[in-house]
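Colleague: Full structure from sequences and hints, please.
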Amino acid sequence: FKQGVPGVFLYLKEYERRLRWMAETNTLDLSNLGIKATTLPVEVTNNLQLTSLDLSQNEFSAVSPSISYMAALTTLDVSLCPKLKDLPCELGVMKQLVKINC
Numbered sequence: 010f011k012q013g014v015p016g017v018f019l020y021l022k023e024y025e026r027r028l029r030w031m032a033e034t035n036t037l038d039l040s041n042l043g044i045k046a047t048t049l050p051v052e053v054t055n056n057l058q059l060t061s062l063d064l065s066q067n068e069f070s071a072v073s074p075s076i077s078y079m080a081a082l083t084t085l086d087v088s089l090c091p092k093l094k095d096l097p098c099e100l101g102v103m104k105q106l107v108k109i110n111c
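Taken in order, the sequence shown gives residues 10 to 111; the numbers are from my numbering.
There may be inaccurate statements among the hints.
[Unchecked claim] The calculated EDC-like cross-link candidates involving lysine to aspartate or glutamate, where the alpha carbons are at most 16 Å apart (straight line), are:
no.: 1; residue 1: Lys108; residue 2: Asp63
no.: 2; residue 1: Lys94; residue 2: Glu52
no.: 3; residue 1: Lys45; residue 2: Glu33
no.: 4; residue 1: Lys92; residue 2: Glu68
no.: 5; residue 1: Lys22; residue 2: Asp38
no.: 6; residue 1: Lys104; residue 2: Glu68
no.: 7; residue 1: Lys45; residue 2: Asp95
no.: 8; residue 1: Lys108; residue 2: Asp86
What the hints contain is simulated information worked out from the structure, not anything from laboratory work.
Modeller: This is how it looks when you write it as structure tokens:
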């Protein structure tokens with residue numbers, strides 16, 4: 010981190026940059042951001058066009074069932090998440106989801 014700039018500020022700045030990229034590409038890479046929360050922001054779950062979501066290398070222990078609202082999602086990456094214990098059963102009803110990296 011740059012001297013004098015809190016880590017939280019840099020995290021939020023990077024998060025906002027990645028959200029802008031999502032709007033252009035229908036993919037979202039939130040990997041290696043140190044995310045601990047199990048709920049996804051509404052900007053993510055309400056995106057009905059998102060096809061690929063990378064949550065790898067984070068610190069959450071569960072994936073929120075709200076991920077099932079993302080009807081176009083085809084790929085979910087939750088690899089290298091050491092605290093992740095299980096995935097929500099709601100993933101089973103996602104017809105487009107064909108690839109899960111654990």
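Colleague: Hint by hint, note whether the structure agrees.
Modeller: Okay, the hints, checked on the actual structure:
1. Lys108 x Asp63: The hint holds at about 11 Å.
2. Lys94 x Glu52: Violated - the C-alpha atoms of Glu52 and Lys94 are around 25 Å apart, more than 16 Å.
3. Lys45 x Glu33: Cα-Cα ~26 Å, so violated.
4. Lys92 x Glu68: Satisfied, since the Cα-Cα distance of roughly 6 Å is no more than 16 Å.
5. Lys22 x Asp38: holds, 14 Å
6. Lys104 x Glu68: Measuring from Cα to Cα gives roughly 27 Å; hence the hint is violated.
7. Lys45 x Asp95: OK: Lys45 and Asp95 at ~15 Å, within 16 Å.
8. Lys108 x Asp86: holds, 8 Å
Figure legend: structure checked against the earlier numbered hints; hints not met, in rising order: 2, 3, 6.
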